[in-house]
Amino acid sequence: MQLFPCPFCGPRDETEFHFGGDAGNARPDGADVPIERWANYLYLRANPKGTAREIWVHMNCGEFFVMERDTVTHKVLSSAALGGEHAA
Amino acid sequence: MTRRYSALSLFKEGLAGQTGWQPAWRSPEPKPSYDAIVIGGGGHGLATAYYLAKNHNIARVAVLERGWIGGGNTGRNTTVVRSNYYYPASVELYGLAHRLYEGLSKDLNYNVMLSQRGMVNLCHSTAEMEIGARTVNAMQINGIDAELFSPDDVRRVAPIYNFSPDARFPVFGGIWQGRAGTARHDAVAWGYARAASRLGVDIIQNCEITDFIIEGGRCRGVQTSRGAIRAERIGMAVAGHSSVLAAKAGFRLPINSYALQACVSEPVKPILDTVVLSPGCGVYVSQSDKGEIVIGGGLDRIPSYAQRGNLPTLEAVIAGLLEMFPIFGQLKLMRQWAGIVDVVPDSSPIIGESPLPGLFLNCGWGTGGFKAIPAGGTLLAQLLASGKHNDISRPFDLDRFASGRLIDEAAGSGIAH
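Line order of the protein sequences matches chains Y and A. The opening position of the first sequence corresponds to residue 0 in numbering that gives the first Met the number 0, with each subsequent residue numbered one higher. The opening position of the second sequence corresponds to residue 0 in numbering that gives the first Met the number 0, with each subsequent residue numbered one higher.
Derived from the structure by calculation, the hints contain no laboratory data. Treat the hints with care, since some could be wrong.
[Said to hold, decoys possible] Short derived list, chain A residues pointing at chain Y, Cβ under 10 Å:
id, residue
1, 183
2, 241
3, 301
4, 304
5, 305
6, 310
7, 406
[Stated by the list, open to error] With a cut-off of at most 35 Å between alpha-carbon atoms, the simulated DSBU-like pairs for lysine-lysine come out as follows:
id, chain 1, residue 1, chain 2, residue 2
8, A, 289, A, 247
9, A, 331, Y, 48
10, Y, 48, A, 268
11, Y, 48, A, 247
12, A, 247, A, 387
13, A, 247, Y, 74
14, A, 387, Y, 74
15, A, 53, A, 11
16, Y, 48, A, 11
17, A, 30, A, 53
18, A, 289, A, 53
19, A, 30, A, 247
20, A, 331, A, 268
21, A, 289, A, 268
22, A, 289, A, 105
23, A, 30, A, 105
Using N, Cα and C, we set each Cβ at its ideal position, and we do this for glycine too.
Pulled out of the complex, with its shape left as it was, chain Y reads as follows:
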């Protein structure tokens, strides 16, 4: 059983968290977004082997946050509240 660090609640059981996709995958804005851009936003994923920056939600408190972790070792490198950086 792994503990994930919620920036609001501290270390909690991994089963309380839900994966929310790549950090930095901003929703396209505007009326004339090309189809390919929508498809990229909706479906394409970095899916890195190694260090990944991801959005997670702690289902108990409902907060979304950015977690950096290694997808091979499962070691958590950082965890921070969303500060508008998901759009970066």
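Assemble the complex: chain Y is given as a structure, and chain A must be docked to it using the hints.
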């Protein structure tokens, strides 16, 4: 010099003290160039090389495998073969694989131990029975054998299920495919390897791809840990690592990689002679020819490249197993493992040319690649040989994500994605 397996060759080798057998496949040094390269020495990659040589007469082919052949997902699955899908495009694809599996031992001259013991997908409520009837109708319309099972039918094929009145998941019936079953997973890899090697394919193990050779906007070869190898057509069939290679080639895929776990018990006497899947319990189970109970379940909840799986998912699977079969409460687990699967939003594979011309994809099989090996190999081989889709692979092209023609087989895959 015994190359072909038969009752006669077995008898002769018995008299000769088993001294004449040859290695099942050659291990040559890589050549600087080939007509086609297949990246990935799992079932799909080896099958692709075999069908390139057999169906298209292209035998100057290299299969490049980072580790050892069949050491990835081909050796980590639960060996189930079935084609009980819903949409016509999926039925064409998995139906092709199923038909080829039925003749595979003869085709390869290698016993893949296909055992068509049947499979039942259980229904645990009247609502699930209605969906079950709809699925059976769809399968029958699409020409796939299917039968709607009553509770008595289920009792006949799986008498040890928990039929007690206070069962948490009572049986209302099920979806039966009698031609479904299991095959020996290692034998599928070894059989394809041996048959491909005999047709001239070079199988090169311990050969990791470090980069792609891109010239004039086309993929023209690969840099490997054993030097540069060139070819005008390159196919990749690397299951969970598709995104890693795509990143080297400069594009992204609609894939998240997850661990999918399985486990086996100690061997016991024959007690379960069919494959049973319960969506309610999130478990499917069969008994291997050695007597082990082979147990599979849903994906891990965390995107991962760690081939080991996590404990909460394993606990959920075992809890589900004991709901289904209380008699298994005394079993001891012998092994647990995980494979990395490439999960696509619509739970259907990606077959077609990649955004890098000359590089072709066979990936995204998610939790169900083993049953599709003969079809994945046939279709990727045709793409590599002709550069064009045929009618079966066309719907699975990467362009479906931009056009919105998704083939949503999450239900057909049988477990939650």
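Hints, verified against the model:
At its closest, the beta carbon of residue 183 (chain A) sits 30 Å from a beta carbon of chain Y; the interface hint therefore is violated under the 10 Å criterion. The beta carbon of residue 241 (chain A) is positioned within 10 Å of a beta carbon in chain Y (closest approach about 8 Å), and the interface hint is therefore held. Interface restraint check for residue 301 (chain A): the shortest CB-CB distance to chain Y comes to about 6 Å, inside 10 Å, so the restraint holds. Taking 10 Å as the C-beta contact cut-off toward chain Y, the hint placing residue 304 (chain A) at the interface holds, the least distance being around 5 Å.
A distance limit of 10 Å between C-beta atoms decides the matter here; for residue 305 (chain A) the minimum to chain Y is near 6 Å, and the interface restraint holds. Checking residue 310 (chain A) against chain Y by beta carbon gives a least distance of about 5 Å; that is within 10 Å, so the hint holds. Look at residue 406 (chain A): its Cβ only gets to about 14 Å from chain Y, farther than 10 Å, so that hint breaks. Pair hint residue 289 (chain A) plus residue 247 (chain A) does not hold up; C-alpha atoms about 42 Å apart against a cutoff of 35 Å.
This hinted pair checks out: residue 331 (chain A) and residue 48 (chain Y) have alpha carbons roughly 34 Å apart, not beyond 35 Å. Between the alpha carbons of residue 48 (chain Y) and residue 268 (chain A) the distance comes to roughly 42 Å, so the proposed pair goes past 35 Å and is violated. Between residue 48 (chain Y) and residue 247 (chain A) the CA atoms are separated by roughly 12 Å; this keeps the pair inside 35 Å, and the hint holds. Using a Cα cut-off of 35 Å, the hinted pair residue 247 (chain A) and residue 387 (chain A) holds, with the two alpha carbons roughly 24 Å apart.
Straight-line distance between C-alpha atoms of residue 247 (chain A) and residue 74 (chain Y) comes to about 24 Å, which keeps the hinted pair within the 35 Å bound. Only pairs whose Cα atoms come within 35 Å are accepted, and residue 387 (chain A) paired with residue 74 (chain Y) is rejected, the gap being roughly 43 Å. In summary, the hint linking residue 53 (chain A) to residue 11 (chain A) is supported, as the alpha carbons are separated by about 29 Å, within the 35 Å threshold. Pair hint residue 48 (chain Y) plus residue 11 (chain A) does not hold up; C-alpha atoms about 50 Å apart against a cutoff of 35 Å.
This hinted pair checks out: residue 30 (chain A) and residue 53 (chain A) have alpha carbons roughly 21 Å apart, not beyond 35 Å. Restraint check: the Cα-Cα separation between residue 289 (chain A) and residue 53 (chain A) comes to about 33 Å, which is no more than 35 Å; the hinted pair holds. With a C-alpha separation of about 22 Å, the suggested pairing of residue 30 (chain A) with residue 247 (chain A) holds against the 35 Å cut-off. A hinted pair counts as satisfied when its Cα atoms are at most 35 Å apart, and residue 331 (chain A) with residue 268 (chain A) qualifies at roughly 14 Å.
Of the supplied pair hints, the one linking residue 289 (chain A) and residue 268 (chain A) holds, its CA atoms being roughly 9 Å apart against a limit of 35 Å. Between residue 289 (chain A) and residue 105 (chain A), the direct Cα distance comes to roughly 23 Å. Compliance with the 35 Å bound is thereby established for this hinted pair. Distance hint between residue 30 (chain A) and residue 105 (chain A) is fulfilled; the C-alpha atoms sit about 31 Å from each other, no more than 35 Å.
Checked against the numbered hints given earlier, this structure breaks hints 1, 7, 8, 10, 14 and 16; the rest are met.
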